[in-house]
Amino acid sequence: MSTSIARLIEEHNMKQDEYEVLLRVLEREPTEAELGVFAAMWSEHCSYKSTRIWLKTLPTTGPQVLIGPGENAGVIDIGDGLAAVFKMESHNHPSYIEPYQGAATGVGGILRDVFTMGARPIANLNALRFGELSHPKTRSLIAGVVAGIGGYGNCVGVPTVGGETGFHKSYNGNNLVNAMTVGLVQADRIFTSKAQGVGRAVVYVGSKTGRDGIKGATMASGEFNENAESQRPTVQVGDPFTEKLLIEACLELMQTKAVIAIQDMGAAGLTSSAVEMASKGKLGIALDLDKVPLRESGMSAYEIMLSESQERMLFVLNTGYESEAEAIFKKWGLDFAVIGELTDTGRLVCTRHGKIEVDIKIDPLVESSPVYNRPYETTPPQEPLKDDALLLQEEHTLISILKTMMGTPDLCSRRWIWDQYDCDVGTNTIQASGGGDAAVVRVEGTQKGLAMSVDCNPHYCLADPVLGGKQAVAETYRNISAVGAKPLAITDNMNFGNPEKPRIMGQFVGACEGIKEACLALDYPVVSGNCSLYNETNGQPILPTPTIGGVGLLDDVSRCMTIGFKGEGESIIVLGETKGHLGQSLYMRAMFDSEEGPPPPVNLTAERRHGKFIRQLIHDRAISACHDVSDGGILVALAEMALAGDRGCKLEGPCADVSFWFGEDQARYVVTTCDPDGVIARAQAAGIPYMILGLTGGEDITLEEDEVELLWLREIFESRLPDYMDGHEA
Amino acid sequence: MKAAVVVFPGSNCDRDAARALSRLTGQKPLMIWHEETELPVLDLIVLPGGFSYGDYLRTGAMAARAPVMREVVAQAQKGVHVLGICNGFQILCESGLLPGVLIRNTGLKFVCRPVRLKVENTQTAFTGKYEEEQVITVPVAHGDGNYFAAPDVLAALEDKGRVVFRYVDNPNGSLNDIAGLMNEAGNVLGMMPHPERADDPAYHRQDGQLLFESLRSAL
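Top line first, the protein sequences correspond to chains H and L. Just so we're on the same page, the numbering used here is the position in the first sequence counted from 1, plus 48. Just so we're on the same page, the numbering used here is the position in the second sequence counted from 1, plus 39.
Take these hints with a grain of salt, some might be off.
Below 20 Å or equal to it, Euclidean Cα-Cα: the simulated SDA-like pairs (lysine to any residue) are [what the hints assert, rightly or not]:
no.: 1; chain 1: H; residue 1: Lys614; chain 2: L; residue 2: Pro240
no.: 2; chain 1: L; residue 1: Lys148; chain 2: H; residue 2: Ser767
no.: 3; chain 1: H; residue 1: Lys339; chain 2: H; residue 2: Gly402
no.: 4; chain 1: L; residue 1: Lys148; chain 2: H; residue 2: Asp771
no.: 5; chain 1: H; residue 1: Lys63; chain 2: H; residue 2: Val414
no.: 6; chain 1: H; residue 1: Lys104; chain 2: H; residue 2: Gly402
no.: 7; chain 1: L; residue 1: Lys148; chain 2: H; residue 2: His776
no.: 8; chain 1: H; residue 1: Lys409; chain 2: H; residue 2: Gly394
no.: 9; chain 1: L; residue 1: Lys168; chain 2: L; residue 2: Gly225
no.: 10; chain 1: H; residue 1: Lys403; chain 2: H; residue 2: Ser345
no.: 11; chain 1: H; residue 1: Lys534; chain 2: H; residue 2: Asn651
no.: 12; chain 1: H; residue 1: Lys614; chain 2: L; residue 2: Arg244
no.: 13; chain 1: H; residue 1: Lys256; chain 2: H; residue 2: Lys330
no.: 14; chain 1: H; residue 1: Lys217; chain 2: H; residue 2: Gly587
no.: 15; chain 1: H; residue 1: Lys379; chain 2: L; residue 2: Glu74
no.: 16; chain 1: H; residue 1: Lys379; chain 2: L; residue 2: Trp72
no.: 17; chain 1: H; residue 1: Lys378; chain 2: L; residue 2: Gly93
no.: 18; chain 1: H; residue 1: Lys614; chain 2: L; residue 2: Ala241
no.: 19; chain 1: H; residue 1: Lys378; chain 2: L; residue 2: Thr76
no.: 20; chain 1: L; residue 1: Lys148; chain 2: H; residue 2: Ser481
no.: 21; chain 1: H; residue 1: Lys379; chain 2: L; residue 2: Thr76
no.: 22; chain 1: H; residue 1: Lys614; chain 2: H; residue 2: Gly726
no.: 23; chain 1: H; residue 1: Lys614; chain 2: H; residue 2: Lys698
no.: 24; chain 1: H; residue 1: Lys63; chain 2: H; residue 2: Glu77
Computed list of chain H residues with no C-beta within reach of chain L, every gap over 10 Å [claimed, not checked]:
no.: 25; residue: Glu77
no.: 26; residue: Gly245
no.: 27; residue: Asp407
no.: 28; residue: Arg490
no.: 29; residue: Ala731
I should point out that these hints are in silico values taken from the structure, not numbers from a laboratory. Remember, it's a predicted structure, so these values are computed and weren't measured experimentally. Beta carbons are placed, not taken as given, at the ideal position from N, Cα and C, and that holds for glycine.
Please put together the full structure from these sequences, using the hints given.
So, in structure tokens, the structure goes:
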């Protein structure tokens, strides 16, 4: 073995036994470029080698599913000949090393996954996790990530309509950036990556290829140490302007008959897109790397094949349509180059300066990709909370606790973040961040809307991965139901630590089990997804964070439900059973810094029944506001409704127990109505537990002879994040 | 009313503007590609929002030199009405059709939110349907909306009633809270807020609709 090959094996984290498989497939020693191709294709990031056997267990079918996992994004039927295309993807490692570009290119990558399928992107969402506010890097990471997401999404003209943000010390060295895009396409105009037709031209379009992002997929398949910043050259640099041109040019080309197959160049760049297209079509592909538009001179075959330069696409064009296609890309000012053709050899052959640098049989490259059934340990159940854990000093009242909680990083307003995202471009946004439990974007030209929500409670997932996975799915289901939409399908973005540690692998296996159960019980399949492993720094893993992105359909956007209180004197009712579960609650974290106890049980039968009930109430215009009860429990939900509607409430409950007001029992919604008798009669008939909690009105929230002015509560809620970002102490 | 929307590479509110115009006038506006050098007879030209040329160099600077702009300037000088929204306003300033310049927001961040505007001049083709001093709510979404001009320029704008919209809560640091202004002849209006994002009952904001209705009845 040459020294350069030995060095590359080490740099790519390729295992010795994997290298031996490579030798068997190739039947000789690899060139540098070939080693790069194998290493990238077999990286955790591209091959899902640790997770594939578990991901295969997830439910992925249903009458609404047009295309499930395996393509660039999932596709679901939304009626009228239209389909929604969506996926969520992480860009965690790059966003820690270089927050602005890391987050920006995360948005760019997921957008490409969606418009590659022929869909016009209509909404972006994101789920972010940062370290604790007191950590010296957190402030600059938040500023950089948020500016990066906005900088990209705003420029390409796709509204960023929702998301969630969490903080925990386990993310100090590994922040998470999960970006989701939802697009719209005519159901009979969906494009895929399957190459067809020997001799057809393989065409490269978009930006030129540079040396940025080389080994990015490999970098994302390893842990960090204190020198993480030294990997900055592996982070790609985004150009949203070019992406915008690429979207318009690709969608314009797709209106013609020119496109046979299309694949974006994402992780592992030209390597994975060429292999993917040829492999799906059971064909070979020959590339002349001298024809690839380059940004800098002297690039080797290895560098060209592994560059992760952004905003690039690979097409297979219909014979005879090359000049029509070229004219469209020239019009949009984008590079267009025929760089090769499809062959019947079943091989990936790449030449550079007249020399064959890569010659690999594609089937064995794909089929011999390693699959690991890694050993795993099941997370042991948590001890129940001790009763004395609930003892608070006497000066605390329910209202004073609420005031404390509304100013915690986990609950405070995210306005500082979403003010920086253009949420209206496209003029179809019915509801964006802050208005309701799920974002709603109108399906242009119809009365329908797509509802979307991203959710995960990593604290629940750490304490009980199976339950946590279940709960994340159920929460998106609830949020989508709470705006009146029918939940249709999900995308999953699995963020975990090092899968080679049995404890971490056990978290992953558990979360998959929970997601599977919830998807089955709720008829809510997984249609796309992404895994991000090795989120560890110096051996410290993140909380297990299986972020779920749900999409649902609202038949009539004029019925879209919001959380804000609407009128004076309306009745407030909580639907669903309240037992007062405080294990892993936000209350315990905020008041006792405790992350103990089991998380609240998830009853999927109740979730399904209550969701359906709520959707019916909304459809019948029987309620005026609706909010699901999640982090912080009933009193926090009520405070959020009061703030959103700028209207107070007078509350009375069955007791003054903190567990009642702050417990996080699942499958619950708070609603307001002018017709409490009607809603109660319907709840009784449907067998759904309910409880009247008081009346809306006034300028305060009043409970147990104590009160807080909304103005004051709003100040606490709204000032926390801006003050912190302005440099105030954590 | 015969209307056209100019499309630059990187425009991203072109379709939104076109939709607002179609809804109101019942006919689709012409979409004019930035490389065009001749324009048909028009009553209204809209320069839409977005990030023309990626905001590279300076916002609006490169678009102002696009082939189509020579013709837009010529038409404006002949009295054709021109509406520049957001990036369109930036382009109008860079092309010299409007005075001053739009620089980085004082907060140094992109700002997307509904803002309140006071309609300062209703004697224009763009605002005839509003009431004097009416306060309307229209969203802004920009990183460079901070209006700046020399003191004598500002004084001239104020003296001649050329400040058409003024922020009630200034989101970007604009001098004199200027949100929208017109040329001396009154046929060119540039504004940072997006009236085309506030003309649809489905999202409960309709204050921008009167701007398009004003144009329809004036032109």
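Comparing the hints with the structure gives:
1. Straight-line distance between C-alpha atoms of lysine 614(H) and proline 240(L) comes to about 18 Å, which keeps the hinted pair within the 20 Å bound.
2. In summary, the hint linking lysine 148(L) to serine 767(H) is supported, as the alpha carbons are separated by about 17 Å, within the 20 Å threshold.
3. As the CA atoms of lysine 339(H) and glycine 402(H) are separated by approximately 11 Å, the hinted pair is consistent with the 20 Å bound.
4. The hinted pair formed by lysine 148(L) and aspartate 771(H) meets the criterion: a straight-line CA distance of about 15 Å does not exceed 20 Å.
5. Proximity of lysine 63(H) to valine 414(H) is assessed by CA-CA distance (about 17 Å); at most 20 Å being required, the pair is judged to hold.
6. Taking the CA atoms of lysine 104(H) and glycine 402(H), the gap is near 42 Å; set against the 20 Å cutoff, the hint is violated.
7. With a C-alpha separation of about 18 Å, the suggested pairing of lysine 148(L) with histidine 776(H) holds against the 20 Å cut-off.
8. The suggested pairing of lysine 409(H) with glycine 394(H) holds, with an alpha-carbon distance near 6 Å, which does not exceed 20 Å.
9. Using a Cα cut-off of 20 Å, the hinted pair lysine 168(L) and glycine 225(L) holds, with the two alpha carbons roughly 16 Å apart.
10. Taking the CA atoms of lysine 403(H) and serine 345(H), the gap is near 17 Å; set against the 20 Å cutoff, the hint holds.
11. Proximity of lysine 534(H) to asparagine 651(H) is assessed by CA-CA distance (about 19 Å); at most 20 Å being required, the pair is judged to hold.
12. For the given pair, lysine 614(H) sits about 17 Å from arginine 244(L) by alpha-carbon distance, which is consistent with the 20 Å threshold.
13. Distance check on the hinted pair: lysine 256(H) and lysine 330(H) sit about 28 Å apart at the alpha-carbon level, beyond 20 Å; violated.
14. Taken as a hint, the lysine 217(H) and glycine 587(H) pair is honoured in the structure, with Cα atoms around 14 Å apart against an allowance of 20 Å.
15. A threshold of 20 Å between alpha carbons decides the hint, and for lysine 379(H) with glutamate 74(L) the separation of about 10 Å falls inside it, so the pair holds.
16. With a C-alpha separation of about 10 Å, the suggested pair lysine 379(H) and tryptophan 72(L) falls inside the 20 Å cut-off, and the hint holds.
17. In summary, the hint linking lysine 378(H) to glycine 93(L) is supported, as the alpha carbons are separated by about 17 Å, within the 20 Å threshold.
18. About 17 Å separates the Cα atoms of lysine 614(H) and alanine 241(L), which keeps this hinted pair within 20 Å; it holds.
19. A threshold of 20 Å between alpha carbons decides the hint, and for lysine 378(H) with threonine 76(L) the separation of about 18 Å falls inside it, so the pair holds.
20. For the proposed pair lysine 148(L) and serine 481(H), the alpha carbon gap of about 18 Å is at most 20 Å, so the pair holds.
21. Distance hint between lysine 379(H) and threonine 76(L) is fulfilled; the C-alpha atoms sit about 15 Å from each other, no more than 20 Å.
22. Of the pairs offered as hints, the one joining lysine 614(H) and glycine 726(H) holds, with about 18 Å between alpha carbons and a cut-off of 20 Å not exceeded.
23. With a CA separation close to 14 Å, the supplied pair lysine 614(H) and lysine 698(H) stays within the 20 Å bound.
24. Taking the CA atoms of lysine 63(H) and glutamate 77(H), the gap is about 16 Å. The hint holds against a cut of 20 Å.
25. Taking the minimum C-beta to C-beta distance to chain L, about 45 Å, the non-interface status of glutamate 77(H) holds against the 10 Å cut.
26. With 10 Å as the threshold on Cβ separation, the claim that glycine 245(H) sits away from chain L holds: the shortest Cβ distance comes to roughly 32 Å.
27. Separation of aspartate 407(H) from chain L is adequate, the least Cβ-Cβ distance of about 39 Å exceeding the 10 Å criterion.
28. The claim that arginine 490(H) lies off the interface is violated: its Cβ sits roughly 6 Å from the closest Cβ of chain L, which falls inside the 10 Å cut-off.
29. The non-interface label for alanine 731(H) is consistent with chain L: the shortest C-beta to C-beta separation is roughly 29 Å, beyond 10 Å.
Consistency with the previously given hints fails for numbers 6, 13, 28, ordered from lowest to highest.
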